[in-house]
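Fit chain B to the known structure of chain A by using the hints.
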Amino acid sequence: MKFQTILAAAAASTAVVGVAQAETYKIGITQNNVGVDSYQTTYEQAFVDAANANDRVEAVVLDAGGDVARQIAQMENLIQQGVDAIIIWPTNGEAVIPAVRKAKQADIPVVVTNSNIDEKGFDFISSFSGPDNIAQGATAAEVMCDRFKALGIADEAQIVEITGQPGYTTAIERSDGFTERLPEICPNVELVDSQPGDWNREKAQTVMEAFLTKYDDIDGVYAGDDNMGVGGLNAAMAAGREGITFVGATNFAVGYEAMANGDYWGSIYQSPVDDARAALETAVDILDGVDVPFLNYFETPAITQDNMGEFTKPVF
Amino acid sequence: MVALTRKDMGQFLARQGILVAFVLFMILFTLANDRFLDPDNIMGVVRSSAILGVMALGVTFVVISGNLDLSVGSMMSFSTIVVLDLHDKIGPALAIPAMFAMTLCLGAFIGFLVGYLKLNSLIVTLGMLSAIHGLTLTYSGGKNMDIDDMAGTWFGMFGRGDVLGIPTPILIFLSLAAVLGVMLAKTPFGRKVYAVGGNGTAATFSGIPRARVVFSCYLVSAFCVATAGLLQASRSMGSQNTVGQGLELEVLAAVILGGASLMGGAGTIFKTVIGVLILGFIQNGLLLVGLPFYAQYVVTWVIIILAVWLDIAAKRGGLWSPIA
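From first to last, the protein sequence lines stand for chains A and B. In terms of our numbering, the first sequence opens at residue 33 and continues consecutively. In terms of our numbering, the second sequence opens at residue 1124 and continues consecutively.
Just chain A, with the same shape it has in the complex (with noise of 0.2 Å):
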């Protein structure tokens, strides 16, 4: 009698543990740099916010700092601790391959998130969930192209950029983008000057300073992210240089000030919240076997001046 007892409750237990398992996901992520910027911050809360509000979804969130040996670390203790799949936010996108290449050993599917791998390592992940950068760029250059139209100068009109951090996926794929674009549709506008800000304000304004002493003419300013592109403009105010265009990308909070105030002409809207939710959504339907396309971007429109009451302030 007790003896069945005892059985019967284990049956239950393994019922109710087999039930779990098809139900619920353990999704492991491990991020870039959280604290290195707002973007990146803002990112991990709404991953968070967005994983508490899927029952299904047990999330373990982790972040490198940065550290390329840290991030291998914690991909390592991911895949020891069993879970369902993997979200990485690669600090280096050819340096993790390995340690991508050893989850998929462990049948647990990978999605790389907002900036992708080197394509290297393509075959041991499910999918990349993300903005499409060369897009991006190339959308920016459209955008400074159509403005320099308006103006009546993209016959003449000569134009610097500021790049985000050497090396780093994201920045090449912008600049690269906005590069191969512009000539299309700009054939004279000519860009004479390129120089890294590293995502950094203070770093882009020095950059920029350099610029204007060195050419007398700048017309437009392309920046890999808002953050430089408004250490520019503070530079070309402070020199009291009128009349540039400055196109930058994802959108941040003191870009769309700027533009508010009608200084900044143009940028990227690129949410936070809408990456971090589509890295969940993506990990969540490969797991339930939903076909999910292998490059997944998301919506990154264009934001000017003109068109910028359409988008609500970035929160970052």
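These are computed hints drawn from the structure, not numbers from a lab. Keep in mind it's a predicted model, so treat the numbers as computed, not measured. Here a beta-carbon is modelled for each residue, glycine too, at the ideal position from N, C-alpha and C. Fair warning: there could be bad hints in the mix.
Calculated cross-link-like contacts (lysine-lysine; reagent style DSS-like; alpha-carbon spacing at most 30 Å) [as the list claims (entries may be wrong)]:
{"hint": "1", "chain 1": "B", "residue 1": "LYS1309", "chain 2": "B", "residue 2": "LYS1241"}
{"hint": "2", "chain 1": "A", "residue 1": "LYS235", "chain 2": "B", "residue 2": "LYS1212"}
{"hint": "3", "chain 1": "A", "residue 1": "LYS246", "chain 2": "A", "residue 2": "LYS235"}
{"hint": "4", "chain 1": "B", "residue 1": "LYS1438", "chain 2": "B", "residue 2": "LYS1315"}
{"hint": "5", "chain 1": "A", "residue 1": "LYS345", "chain 2": "B", "residue 2": "LYS1212"}
{"hint": "6", "chain 1": "B", "residue 1": "LYS1438", "chain 2": "B", "residue 2": "LYS1309"}
Cβ-Cβ distance ranges computed for the label pairs, FRET-style [what the hints assert, rightly or not]:
{"hint": "7", "chain 1": "A", "residue 1": "GLY294", "chain 2": "B", "residue 2": "LEU1249", "range": "43 to 49 Å"}
{"hint": "8", "chain 1": "B", "residue 1": "LYS1241", "chain 2": "A", "residue 2": "GLY294", "range": "54 to 60 Å"}
{"hint": "9", "chain 1": "A", "residue 1": "VAL224", "chain 2": "B", "residue 2": "LYS1130", "range": "49 to 55 Å"}
{"hint": "10", "chain 1": "B", "residue 1": "TYR1420", "chain 2": "A", "residue 2": "PRO325", "range": "38 to 44 Å"}
{"hint": "11", "chain 1": "B", "residue 1": "LEU1147", "chain 2": "A", "residue 2": "GLY199", "range": "30 to 36 Å"}
{"hint": "12", "chain 1": "B", "residue 1": "ARG1158", "chain 2": "A", "residue 2": "GLY199", "range": "28 to 34 Å"}
Facing chain B, a subset of chain A residues (Cβ under 7 Å, in silico) [stated by the list, open to error]:
{"hint": "13", "residue": "THR73"}
{"hint": "14", "residue": "PRO198"}
{"hint": "15", "residue": "LYS246"}
Relative to the frame of chain A, chain B by itself:
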């Protein structure tokens, strides 16, 4: 008479090797790009160097006292973030002294550990580099700080304003350099700093309170860092948490370039200012010449090592001076 003047000049040059190196580089860059000597450009470089420069002034005290300060970069991020945050909460008039007080507390803590507990300054400030960065991130929640109403505040005057056409950051940098230069060269406190760094044991026998002198040097450094943080915050009216990261090495490079000895006991504020300007003008010159980015790193450091070599060669009167 002429011969005597020439000899004097030789002696002067030998003593001021770093100044000679500075003039040489200025001539080279001027030849490479005619805009280099443009007054706007020169003003711009000095203005951008002011933040690094203010920090280097304080670190000069610490280095002469025979210690190191590797925490100044993260401490500057801390000051910047704190003053920006408090600006919107309690207004600039209260935010600035509050930020100075908080930064001085950090400096006092480091000074206590190094001076009174006699812990190694390299380890203490390396640890504080991380700890203060963590403190900054905790304080800000990892978010960028921006001033809400940029147009309606006088806060921008420190970093963006000018007096009689001279940008305020330059004025603040140079006046602070003058005050600290006199303090180091002409006051009893300054002499004690050299004594403690030059020969600590001798200093003790002369009745100099070594711990208190070291402690005060870290306070001077923290004061300079707070000033730099104020300039930085006011200049960009907003900031990332990482704004000062990595600056500690540039600051140290400027101080050493100016001729301060890592062994302590040697260095002057004037030469630190020259070291700061050399760094600033090299970076600006390379940018103007349009050198590819990665090459700039290499060339910057080759030039710095050349400058240090020239300085030593001038002092010893020979280019070749192996360790005996």
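How the hints compare with the structure:
no.: 1; hint: B:LYS1309 x B:LYS1241; in the structure: holds, 27 Å
no.: 2; hint: A:LYS235 x B:LYS1212; in the structure: holds, 27 Å
no.: 3; hint: A:LYS246 x A:LYS235; in the structure: holds, 17 Å
no.: 4; hint: B:LYS1438 x B:LYS1315; in the structure: holds, 25 Å
no.: 5; hint: A:LYS345 x B:LYS1212; in the structure: holds, 21 Å
no.: 6; hint: B:LYS1438 x B:LYS1309; in the structure: holds, 24 Å
no.: 7; hint: A:GLY294 x B:LEU1249: 43 to 49 Å; in the structure: holds, 46 Å
no.: 8; hint: B:LYS1241 x A:GLY294: 54 to 60 Å; in the structure: holds, 59 Å
no.: 9; hint: A:VAL224 x B:LYS1130: 49 to 55 Å; in the structure: holds, 51 Å
no.: 10; hint: B:TYR1420 x A:PRO325: 38 to 44 Å; in the structure: holds, 39 Å
no.: 11; hint: B:LEU1147 x A:GLY199: 30 to 36 Å; in the structure: holds, 33 Å
no.: 12; hint: B:ARG1158 x A:GLY199: 28 to 34 Å; in the structure: holds, 29 Å
no.: 13; hint: THR73; in the structure: holds, 4 Å
no.: 14; hint: PRO198; in the structure: holds, 6 Å
no.: 15; hint: LYS246; in the structure: holds, 5 Å
Of the numbered hints given earlier, the model fails none.
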